[in-house]
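J.: Chains as they are written, first to last, in this note's numbering: chain A, 1 to 280; chain B, 1 to 259.
If you are wondering where the hints come from, they were derived from the structure by calculation, not from laboratory data. Remember, predicted model here, so these are calculated numbers, not experimental data. Some hints here could point you the wrong way.
[What the hints assert, rightly or not] Okay, derived cross-link-like pairs now, SDA-like style, lysine to any residue, Cα gap no bigger than 20 angstroms in a straight line:
| id | chain 1 | residue 1 | chain 2 | residue 2 |
| --- | --- | --- | --- | --- |
| 1 | A | K25 | B | Q156 |
| 2 | A | K25 | B | V104 |
| 3 | A | K25 | B | R70 |
| 4 | B | K106 | B | A88 |
| 5 | A | K25 | B | M73 |
| 6 | A | K25 | B | K176 |
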Amino acid sequence: MERSSVAFDQNFSGAADFPALLRSKGLLASAPMEAARPAVAPYQVAPGQQKSWQPTEATTILAFKFSGGVLVAGDRRATAGNTVVYDRADKVLEIDRHSIMAIAGVPATAWEMARVLEHSFQFFRRTQLQEMSVDGKVRALSKLLRDNFGFVMQGVGVVVPIFATYDSHPKPEARLYFYDAMGAQFEAADYAATGSGSPAVRGILYYENNWGGKPLHKLSEKEAVSVALRALDTAAESDTSTGGVDRGGKIYPIIKIVSREGITTLPESKIAAVFKETVA
Amino acid sequence: MIEEPYRWVEAIANRREYIEAQLAPGSPIAAVGYRDGILFLTVSQTRQKLFEIYDRIAMGAIGHPGDIERLRMAAIELASTEGFTRSAADVSLRRLVHYSLSPVMKSAFEQVYGAPYLARMLFAEVGESPNEDLFLRVEYDGEIATNGATYAQARQDFAVLSGTRQSRELMEVFLKSQHAPDASFELALNSALDAWSVGHISLQASDANGQPDQAAVLKHRQEQLATSGIEAAVLERDAGTAIRYRSLSDTELRPLIHE
Numbered sequence: 001m002e003r004s005s006v007a008f009d010q011n012f013s014g015a016a017d018f019p020a021l022l023r024s025k026g027l028l029a030s031a032p033m034e035a036a037r038p039a040v041a042p043y044q045v046a047p048g049q050q051k052s053w054q055p056t057e058a059t060t061i062l063a064f065k066f067s068g069g070v071l072v073a074g075d076r077r078a079t080a081g082n083t084v085v086y087d088r089a090d091k092v093l094e095i096d097r098h099s100i101m102a103i104a105g106v107p108a109t110a111w112e113m114a115r116v117l118e119h120s121f122q123f124f125r126r127t128q129l130q131e132m133s134v135d136g137k138v139r140a141l142s143k144l145l146r147d148n149f150g151f152v153m154q155g156v157g158v159v160v161p162i163f164a165t166y167d168s169h170p171k172p173e174a175r176l177y178f179y180d181a182m183g184a185q186f187e188a189a190d191y192a193a194t195g196s197g198s199p200a201v202r203g204i205l206y207y208e209n210n211w212g213g214k215p216l217h218k219l220s221e222k223e224a225v226s227v228a229l230r231a232l233d234t235a236a237e238s239d240t241s242t243g244g245v246d247r248g249g250k251i252y253p254i255i256k257i258v259s260r261e262g263i264t265t266l267p268e269s270k271i272a273a274v275f276k277e278t279v280a
Numbered sequence: 001m002i003e004e005p006y007r008w009v010e011a012i013a014n015r016r017e018y019i020e021a022q023l024a025p026g027s028p029i030a031a032v033g034y035r036d037g038i039l040f041l042t043v044s045q046t047r048q049k050l051f052e053i054y055d056r057i058a059m060g061a062i063g064h065p066g067d068i069e070r071l072r073m074a075a076i077e078l079a080s081t082e083g084f085t086r087s088a089a090d091v092s093l094r095r096l097v098h099y100s101l102s103p104v105m106k107s108a109f110e111q112v113y114g115a116p117y118l119a120r121m122l123f124a125e126v127g128e129s130p131n132e133d134l135f136l137r138v139e140y141d142g143e144i145a146t147n148g149a150t151y152a153q154a155r156q157d158f159a160v161l162s163g164t165r166q167s168r169e170l171m172e173v174f175l176k177s178q179h180a181p182d183a184s185f186e187l188a189l190n191s192a193l194d195a196w197s198v199g200h201i202s203l204q205a206s207d208a209n210g211q212p213d214q215a216a217v218l219k220h221r222q223e224q225l226a227t228s229g230i231e232a233a234v235l236e237r238d239a240g241t242a243i244r245y246r247s248l249s250d251t252e253l254r255p256l257i258h259e
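Chain A with its partners taken away, still in its complex shape (with noise of 0.2 angstroms):
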């Protein structure tokens, strides 16, 4: 029979797995295993030389749970080096109705990781007729970047994502998970963050939550973008990789939130109002 991207495949699989699929059809690189396994193993290089591969995550991620479900926000810069290339990248990206995954990496590979992810929870949804659990959720995005980790052993495609989402089983909440490029999983209790721009974060973060006017839990919706403006503004500070506010082009960063009804993108009018009021 005669193959087209639309040829029906008798041999179909029925399975579940989106990714499964779309390799079976050649439609989803991975690295060859032995490319993964560069002539001198990272584990086994000479004192002194550090790594054979520079993780490029040029760019500040950052999301905690607030009063009103998890804020997600990310700068708008692109880099490629020393260049900025984009400067309204959107960096925070919706995956379904309740999720969102937040990428810091190499933009090609995190948006195709987000394009695999969004279309293997459908995927299962439609095929399965149920919904797939947050559990299983947070594992695929791990699958994916684990089957990357070939490539970023190459030196490209590394992604280290963020993700948020809501659990209405077995009781409702906001869900936080972080990662690392190698697709260890990892649930945040309070906040988390990644990119070049993150230590910087990670310390505002965590003196808000410890001795700051509240807990980031109990902050308003007003009260947490505040403090994720500051942050990114405070990351951009120092990294050259991090758009944060961009004062004269008005340009401000992406900042969603999750919650039981599901994903809101905060007007960049809302935000404009939030920064000249409590940040510039």
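Knowing the structure of chain A, use the given hints to seat chain B on it.
T.: Same frame as chain A, now just chain B:
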């Protein structure tokens, strides 16, 4: 058996007769367009009959659950793969059915040493406006019937599927006279439910070949709804999200039924 052409024709005819008999008790499914989308409806005794295929595509089917499942999975795999590699806007029901499902069902049906697909399916794709809505019915032999969306003929904004040809035709006649295009959801729900009753009456009493009167339809509907549940789903024209499919529960529909 198939060395001689007439034997092959005979084998095909037997197989057609067998499949028709198997499909005959299948409960009807009605899909009607209304102002804000397309409503799929059936009254089901047991298993689920209406499914989401992709963002704007839904399917209803009767037949063997195993075959329905294989075709449903294949349709979802095809649509999802296309939606992933290109975009959701490139997923088209016309292509899915004409280029993928129909040829496979036809060859399975005609290869008399293999098993045919024991299934009859009704697909709909919601468009930007009612006259872009597409309805396709696919038979076990790969035959495709449309609502006129692909040819220059009078378009219908509904499509039905039933166990027998007679039942289906009665439902079509009923909807042609009763279903107003651009109807409200409530009107569409009631005409779909009445169309289902018309089709179901015909299946239960095969000697009654005329259109039942209004009172008989109402009585039949009340009797059936006392023991069975309404299974329904909509493809919303403007849902504000990419996914237009939403299944409706029996309890939210009952108050809208005209007695």
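J.: It remains to establish, for every hint, whether it holds in the given structure.
T.: For each hint, the structure was consulted:
1. A distance of roughly 38 angstroms separates the Cα atoms of K25(A) and Q156(B); the hinted pair therefore is violated under the 20 angstroms criterion.
2. With a C-alpha separation of about 18 angstroms, the suggested pair K25(A) and V104(B) falls inside the 20 angstroms cut-off, and the hint holds.
3. For a cut-off of 20 angstroms, the pair hint linking K25(A) to R70(B) stands: about 18 angstroms separates their Cα positions.
4. For the given pair, K106(B) sits about 27 angstroms from A88(B) by alpha-carbon distance, which is inconsistent with the 20 angstroms threshold.
5. At most 20 angstroms may separate the alpha-carbon atoms for a hinted pair to count; K25(A) and M73(B) meet this at roughly 16 angstroms.
6. Restraint check for K25(A) and K176(B): not satisfied, since their Cα atoms lie roughly 44 angstroms apart, outside the 20 angstroms limit.
In the structure shown, a violation is registered for the earlier hints numbered 1, 4, 6, in ascending order.
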